[in-house]
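Assemble the complex: chain H is given as a structure, and chain S must be docked to it using the hints.
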Amino acid sequence: MPKYLLLKHYQVGPDSPAADFAPMDEWSADEVAAHIDFQREVGRVLTESGEFVDAQALTEQGAWVRYGGPDAAPVVTDGPFPETKELIAGWFVIDVESEARAHEVAAWVSSAPGKGGEPIYEWLEVRPVMDDAPADE
Amino acid sequence: MTEALLRELSPQVLGVLVRRGADFASAEDAVQEALIEAHQTWAEQLPDQPRAWLITVAQRKLVDLQRSEAARRRREEVVAEQPGPGPTEQSDDTLLLMFLCCHPDLSPASAVALTLRAVGGLTTREIAEAFLVPEATMAQRISRAKRTVSGAAFTTPADIAVVLRVLYLIFNEGYGGRIDLAAEAIRLTRLLVRESDEPEVAGMLALMLLHDARRDARRDERGALVPLDEQDRSRWNTDQIAEGVRILEGALARDRRGEYQVQAAIAALHDDAQRAEETDWPQILAWYDELVALTDNPLAALSRAVVVGEVDGPLAGLRALDGLDDALGQHHRLLAVRAHLLARSGDTEQAAELYREAARRTTSTAERDHLTRKAADLRQ
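Here the protein sequences come in this chain order: H and S.
So the first sequence is numbered by the numbering used here: it starts at 1 and just counts up by one.
So the second sequence is numbered by the numbering used here: it starts at 1 and just counts up by one.
Next comes chain H alone, as it looks inside the complex:
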């Protein structure tokens, strides 16, 4: 079965029903709790269906690091690409029967409740994960 990475960016586009959603710190405590419960529920249901591989949330902090060259310290910045600066908030990895099923799960994840309990309609980035097994000759 193919594995897929569902990347959560917390981004909505111009064509989403919700043009933008309020930052989470403007939600009520209950709304935040409902949102987090939903993420747990996704993990539980996917385990139950035999499709769950991994889920992680990332902090907003972090740094960009690269090799500094011989005998030089690593180069550390808070973002060399201001124009593409975007947040990866977390991910699910799932092991599913088909791409169509991966899309179905992603759409469900995107329906997570936000402010007022409305779906947030965020875009999920769905990427197939490579494995090392070649097809037979």
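In case anyone wonders, no lab produced these hints; they're calculated from the structure.
Check before you lean on any hint, since a few could be wrong.
[Claimed, not checked] Per the computed footprint, the stretches of chain S lying under chain H, defined by three or more beta-carbons under 8 angstroms from a beta-carbon of chain H, are:
| hint | segment |
| --- | --- |
| 1 | 6 to 20 |
| 2 | 167 to 174 |
| 3 | 188 to 195 |
| 4 | 365 to 377 |
Being a predicted model, the structure only gives us computed values, none of them experimental.
Beta carbons are placed, not taken as given, at the ideal position from N, Cα and C, and that holds for glycine.
The following block gives chain S in isolation, referenced to the frame of chain H:
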């Protein structure tokens, strides 16, 4: 030693329990528990009759499970009926079990997992590791599969092709990780051959043996793919090839050909060539013609085009690709075959471009690296 014996006996014991009328899911749980007990006690002393020992213990576990199940539902405690010995105790029920585990209501992944557990005797953890998913996920996958097939009749269904497809899926998972799934698929197919006289079952075993014989030569020391024509053929397993050829000949003699026998015949012809240049391409092409006629599979037609290229030259091979775009679209293997044929015809620039595109589209890192290297070689 104990391990191998237990894995051989576990499907037999499960078969006996199910044949005696036990529900499949409970019977499978009972056998797993009996196996745990056997692991603990057999190391010290092997029972005189291991099979009978396991059946007795599994039967007891089954009764325990049924009791606790009953208790949990707050029913009156019912003592499970002690079933009498069935009429077919001697027979090996592996075939029936495999049919159950490959039930058409199951997704391929579920059938694979259930077969490895119930027939292969692997633990849930081992199966989870082999497929790189958490143990809890695999436990759920297996338990759902068990529930799905629990009501199914324990009789031989019509189509053994479903079982063969599941075994071939297991085989193609290969041998990454701790569990050698290719070897496991071969072992399970051997069990099936003992119980089925269908020539395609023998054909499948021959196919697996003839492919698996090349496994040591298929990757270099860094793990990179080595294509067939560059493999060090002295590293092929000649005993396994001889066995595969013998089994294949027996199957073909029955004169009921199917796709696995034909694929095995193709593999045998490759295995038969001491050097790549000695490959009998015209005969391989004849088998591919038969394979394409039998299966109508566009990937078979794709492989056939490579062979046409060997027999009649790359331009003929390219013509043999006509019409495959509709079925295969931008499939990386179609791009790679076209690139291969274009490179041979001298159009290295377009070939490199197609290899690069194929590398972008595969989901296998080993193939991606191989295809990228091909593109790079052409641009030298």
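Do the hints match the structure? See the list:
As drawn, the segment 6 to 20 of chain S meets chain H at 0 residues by the rule of a beta-carbon pair under 8 angstroms; below three, the given contact is violated. Beta-carbon proximity to chain H at under 8 angstroms applies to 3 residues in the segment 167 to 174 of chain S; the threshold of 3 is reached and the given coverage holds. Counting residues of the segment 188 to 195 of chain S whose beta carbon lies closer than 8 angstroms to any beta carbon of chain H gives 0, which falls short of the minimum of three for the stated coverage. Coverage of the segment 365 to 377 of chain S by chain H holds [criterion: at least 3 residues with CB-CB distance below 8 angstroms; count 5].
Hint check: violations occur at hints 1, 3; the rest are consistent with the structure.
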